[in-house]
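There are 2 protein chains.
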Amino acid sequence: MMTIESIYKNIQTKKSFLCVGLDTDINKIPNFLLNFNDPVFEFNRQIVDATHDLAIAYKPNTAFYESRGYEGWLSLERTADYIKSNYPEIFLIADAKRGDIGNTSKMYAKAFFEEMEFDAITVAPYMGEDSIKPFIDFKNKFIIILSLTSNKGSADFQMLKNCENKNYLYEEVIKKSKQWGTAENIMYVVGATKSDKLKKIRKIIPDNFLLIPGIGAQGGSLKETIDNGKNNKGGLIINSSRGIIYAGNSNNFAEKARQQALILQKNMSENV
Amino acid sequence: MMTIESIYKNIQTKKSFLCVGLDTDINKIPNFLLNFNDPVFEFNRQIVDATHDLAIAYKPNTAFYESRGYEGWLSLERTADYIKSNYPEIFLIADAKRGDIGNTSKMYAKAFFEEMEFDAITVAPYMGEDSIKPFIDFKNKFIIILSLTSNKGSADFQMLKNCENKNYLYEEVIKKSKQWGTAENIMYVVGATKSDKLKKIRKIIPDNFLLIPGIGAQGGSLKETIDNGKNNKGGLIINSSRGIIYAGNSNNFAEKARQQALILQKNMSENV
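Top line first, the protein sequences correspond to chains A and B.
Its first residue numbered 403, the first sequence is counted upward by one per residue in the numbering used here.
Its first residue numbered 403, the second sequence is counted upward by one per residue in the numbering used here.
The hints are all genuine.
Pairs involving identical chains hold if they fit within one copy or between any two copies, as the list cannot separate such chains.
Pairs of lysine-lysine residues, derived as DSS-like cross-links and limited to a Cα-Cα distance of at most 27 Å, are as follows:
hint : residue 1 : residue 2
1    : 563       : 605
2    : 430       : 535
3    : 417       : 605
4    : 563       : 580
5    : 430       : 508
6    : 554       : 543
7    : 541       : 430
Hints in this document: simulated from the structure, not taken from any laboratory.
I would like the entire structure built from these sequences, with the hints used as guidance.
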C-alpha cells in the first residue's frame, strides 16, 4: 500500500524523484532479446533490476503493450507483477490516460487496480467528475490527472481561458478536480517544458504530487523543475523514458540504462 | 475499407442508424455461457449474429475487456475478428477514448487499426492536435473525437466558455479539430441527452458523422436526435448498449436483444 509518506520516504532514501517510463517498443529493443519467450518483459525485467535502487517509480505506457495485442497485454501484466513482487516499495503507474462515463471508468479502474497491481493510473479530465470518481473510489490508489501536458498540442485546448474567471483550462481542471479527492489520492501531470507555470500550479495545490514528463527527450530543465515544483513531502515524480531505456542497444543495454538513470539521480540528489 | 458512402449505403439498405455497444460484462451475461471457452466472445458472437441485419455498427467498449486482463483482450480480438470476417459491411468502432503524445498515440492507432481491424476509434481531445494526428494518418480509418458527452460531468469542462470568442470548449474542440482532417476521417461524439445543441453542432460540421451515445439507458430522445442530427449522407451512428445486450438473461438472450434492436431500428426507419 502506497501513501504520500511512503513515497516521500523513498525519495529521501534513494535521493531521487526518478520515474522510469517503460515505453517498451519491441522494434527498439536489442535483437538478442527476441530469443526470449517474452522479449518485452525480459527487457523490462533487466531494466528494472538495473535501476530499481535509483528510481522511486516505474511507468509502463499502455499503448506500447496494446500495440502487440493480447501478447503485449501479457507483457504488461508480467511487468507489473514482477515489479510489485520484487520491489514492493516502488510506486507503479499505468500511463493509460483513460476516462469515460462512470460504469466504464469503473471497469478501467478494475483493470489496473484489481486485475493488475498498479498503484496509480493517469486519467484524462475531459469528461468531468463522474469520469474520474470511480478511480478515486478505489482505496489506497492514486489517480494522476492530466492538467498541463508537455506536448505542442497542449496549447490547443489546455491554454484556453475560461471567460468566467480568466483561468486557463488546465488551471480550471486542477481547481475543480482537487475538490474531488485529497492529496492522498490525486496527483497531476504537469509537463516539465512548462517550468514557468509550475510555481503557479504549486500554489494552487501545495500538497499534491506532480508527475513530470518531458525531462530528456522532451527537453525540460531538471533543476528548474525541482526548484519550482518540490514541496515538503518531495511532491515530485520526474519521468524519463527513452533517454534511459534506449541508452544502449546491445547485451549491455541494462548497464547503459543504469548509467543514464544514475546521471539523472545524481542531479536530482543535489536538490532533494 | 469503410467510407462515408459505404456507411450511408448501409444506413439506406438497413434503414437504420443503429450501433450496438458491446459493453460486455462477464458478470452480467447469462450463466450458461460460462461453460464456453470464451464466454464473453460467445455472448458477443450470438448478439452480433442476431442483430447484424439491423445494425450498421458495433462498438466494443475496451474497458470491459481490459477489466479481465489479457483474457479480456483476447475476447476483444476475437470479437473484432469475428465481426469483420463475417459481416464486412459493419462499421467497427473501438470505444477506447485514447489520446497521448504523438509517438504514443501512434502505438494506440497500431493496436486498433493494424493489430485489430477496427474501422474507427474514439479519442479524447485534451492533449490537442499532435495527440490526434497519428490516428488520422492511418489511411481509410476514422477517428471519433469526444466533443459533447452525455454524462453529468460533461458540464465540468466541456461547457466552459472560451474568453476569446465565447465558444464553449466543446465547440472549440470541433472547430479546431475539423481542420485536422476531413469528414472522411473525422467523426464526433455528441451525447443524445444534448439534443438542443445538435442543431448548432450540425451547422459547424455539416458533413461529419456524429456518434450518438445516450439513447436508452442514458435517456436521450431518438426522434429529436435524428431530426436535429441527420445530414444528406445519413450522418448519424446512434448507439445503444445495455438496453439491447442485456434485454434477456437466459438461453434466449440473443433473441431478446434482437427484439430490442428491432424496436429501435423500426423507430429509426421512419426517419432515415
